[in-house]
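Protein chains in written order, with this note's numbering: chain A, 1 to 202; chain B, 203 to 300.
Any given hint might turn out to be false.
As the list claims (entries may be wrong) - DSS-like, lysine-lysine: derived pairs with alpha carbons at most 30 Å apart: (1) A/Lys4 with B/Lys264; (2) A/Lys103 with B/Lys286; (3) A/Lys96 with B/Lys269; (4) A/Lys198 with A/Lys128; (5) B/Lys269 with A/Lys14; (6) B/Lys252 with B/Lys282; (7) A/Lys103 with A/Lys5; (8) B/Lys252 with B/Lys237; (9) A/Lys198 with B/Lys270; (10) B/Lys237 with A/Lys89; (11) A/Lys14 with A/Lys128; (12) A/Lys14 with B/Lys279; (13) B/Lys234 with B/Lys270; (14) A/Lys5 with B/Lys264; (15) A/Lys149 with A/Lys14; (16) A/Lys103 with A/Lys92; (17) B/Lys211 with A/Lys103; (18) A/Lys149 with B/Lys269; (19) A/Lys19 with B/Lys264; (20) A/Lys89 with B/Lys269.
As the list claims (entries may be wrong) - Derived Cβ-Cβ restraints for the label pairs, each shown as a range: (21) A/Tyr160 with B/Asp244: 43 to 51 Å; (22) B/Lys269 with A/Ile83: 27 to 35 Å; (23) B/Lys237 with A/Ile83: 50 to 58 Å; (24) B/Arg265 with A/Lys198: 35 to 43 Å; (25) A/Phe177 with B/Lys270: 20 to 28 Å; (26) A/Leu110 with B/Phe266: 55 to 63 Å; (27) B/Lys270 with A/Ser52: 57 to 65 Å; (28) B/Phe266 with A/Tyr160: 38 to 46 Å; (29) A/Leu118 with B/Lys211: 26 to 34 Å; (30) B/Lys234 with A/Arg201: 13 to 21 Å.
Just so you know, these hints were derived from the structure itself, not from any lab. Glycine included, each C-beta is placed from N, C-alpha and C at the ideal position.
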Amino acid sequence: MDSKKYLEDLNEIKDLMQKSSRFISLSGLSGILAGVYALIGAAIAYVVVTNSTRTYLILDGYIFRLMLLDLFLIAFLSIGTAIFLTTRKARKNGEKIWDTSSKRLVINFLVPLLTGGLYILIILGQQKYGQTAALMLIFYGIALVNASKYSIGDIRYLGYTEIFLGLICALFPGYGFWLWVAGFGIMHIVYGLFMYFKYDRA
Amino acid sequence: MGIINNINKAFDHRVRLGIMSVLMVNEYADFKTLKELLGVTDGNLASHSKALEQAEYIVIEKRFIGKKPNTRYRATKSGKTAFKDHLNALEQLINRNE
Chain A
1 MDSKKYLEDL
11 NEIKDLMQKS
21 SRFISLSGLS
31 GILAGVYALI
41 GAAIAYVVVT
51 NSTRTYLILD
61 GYIFRLMLLD
71 LFLIAFLSIG
81 TAIFLTTRKA
91 RKNGEKIWDT
101 SSKRLVINFL
111 VPLLTGGLYI
121 LIILGQQKYG
131 QTAALMLIFY
141 GIALVNASKY
151 SIGDIRYLGY
161 TEIFLGLICA
171 LFPGYGFWLW
181 VAGFGIMHIV
191 YGLFMYFKYD
201 RA
Chain B
203 MGIINNINKA
213 FDHRVRLGIM
223 SVLMVNEYAD
233 FKTLKELLGV
243 TDGNLASHSK
253 ALEQAEYIVI
263 EKRFIGKKPN
273 TRYRATKSGK
283 TAFKDHLNAL
293 EQLINRNE
């Protein structure tokens with residue numbers, strides 16, 4: 001009996017199931033860079049806020065707008081880098097960049113993330129600042145867990161880590177800045193390195 | 203005999219295996235997606251999907267998106283069950299031989 005042929009069949013089946021339902025070309029390198037941007041952004045924020053007349057952050061126009069600009073730049077650079085490097089990797093893998101699986105991934109990532117983003121803006125408008133860092137971490141974590149079903153499964157663990165840090169942050173709002181640094185900076189670098197060595201180098 | 207009872211003739215071709223694999227994990231797949239994933243020609247995909255349709259393992263739905271015709275495929279319940287049985291039979295066969 002030709003069990004070798006059947007074994008090949010089974011492998012091909014597994015491969016097709018994976019390829020047709022998951023977008024696997026996410027770049028690990030872009031995770032590392034996102035973490036680096038976050039650390040640089042946080043360092044800038046730290047310097048700006050400690051050198052201002054007030055050493056804490058409130059919605060007093062100038063400093064707050066600088067911080068928003070800082071955050072916006074981090075997000076913009078991270079997303080830009082991720083799109084660029086992922087496109088490059090997908091092309092190398094012969095995978096389509098914008099197909100059913102990548103669309104599904106983006107939608108499932110964006111729904112919780114945008115919900116969280118809007119919610120944070122709403123409560124900032126109501127002058128509740130204390131939980132901002134915690135909410136950013138929690139919603140980002142939920143977005144990652146949700147998206148992980150449609151991509152490399154390991155992202156789920158980054159999501160769990162972010163949610164965990166977010167909950168700690170909610171308990172100790174005074175350390176919000178440092179937990180934000182840990183979650184968006186250090187964790188991105190750690191997981192980015194992990195993904196890079198596990199998937200990109202092969 | 204025995205162990206090869208569940209090997210299903212309807213799936214005994216790599217294109218058919220491929221179609222079923224994709225439809226097991228996706229609710230729908232359209233013609234173009236399947237063609238690209240499996241790397242087959244139009245005619246090849248059409249004839250193998252027709253065979254699976256006749257066995258009532260998949261449903262072929264033809265519809266229009268705007269003015270463009272669009273064909274999409276979906277696995278039926280009996281198709282999914284039959285494919286699972288087939289995979290289990292393959293697995294047993296391989297384990298038996300090792």
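Going through the hints against the structure:
| no. | hint | verdict |
| --- | --- | --- |
| 1 | A/Lys4 with B/Lys264 | 38 Å, violated |
| 2 | A/Lys103 with B/Lys286 | 28 Å, holds |
| 3 | A/Lys96 with B/Lys269 | 25 Å, holds |
| 4 | A/Lys198 with A/Lys128 | 41 Å, violated |
| 5 | B/Lys269 with A/Lys14 | 36 Å, violated |
| 6 | B/Lys252 with B/Lys282 | 16 Å, holds |
| 7 | A/Lys103 with A/Lys5 | 34 Å, violated |
| 8 | B/Lys252 with B/Lys237 | 14 Å, holds |
| 9 | A/Lys198 with B/Lys270 | 42 Å, violated |
| 10 | B/Lys237 with A/Lys89 | 22 Å, holds |
| 11 | A/Lys14 with A/Lys128 | 49 Å, violated |
| 12 | A/Lys14 with B/Lys279 | 20 Å, holds |
| 13 | B/Lys234 with B/Lys270 | 13 Å, holds |
| 14 | A/Lys5 with B/Lys264 | 34 Å, violated |
| 15 | A/Lys149 with A/Lys14 | 16 Å, holds |
| 16 | A/Lys103 with A/Lys92 | 19 Å, holds |
| 17 | B/Lys211 with A/Lys103 | 35 Å, violated |
| 18 | A/Lys149 with B/Lys269 | 34 Å, violated |
| 19 | A/Lys19 with B/Lys264 | 25 Å, holds |
| 20 | A/Lys89 with B/Lys269 | 35 Å, violated |
| 21 | A/Tyr160 with B/Asp244: 43 to 51 Å | 45 Å, holds |
| 22 | B/Lys269 with A/Ile83: 27 to 35 Å | 32 Å, holds |
| 23 | B/Lys237 with A/Ile83: 50 to 58 Å | 27 Å, violated |
| 24 | B/Arg265 with A/Lys198: 35 to 43 Å | 41 Å, holds |
| 25 | A/Phe177 with B/Lys270: 20 to 28 Å | 53 Å, violated |
| 26 | A/Leu110 with B/Phe266: 55 to 63 Å | 29 Å, violated |
| 27 | B/Lys270 with A/Ser52: 57 to 65 Å | 58 Å, holds |
| 28 | B/Phe266 with A/Tyr160: 38 to 46 Å | 44 Å, holds |
| 29 | A/Leu118 with B/Lys211: 26 to 34 Å | 55 Å, violated |
| 30 | B/Lys234 with A/Arg201: 13 to 21 Å | 32 Å, violated |
In summary, the structure is inconsistent with hints 1, 4, 5, 7, 9, 11, 14, 17, 18, 20, 23, 25, 26, 29, 30 from the numbered list given earlier, while agreeing with the others.
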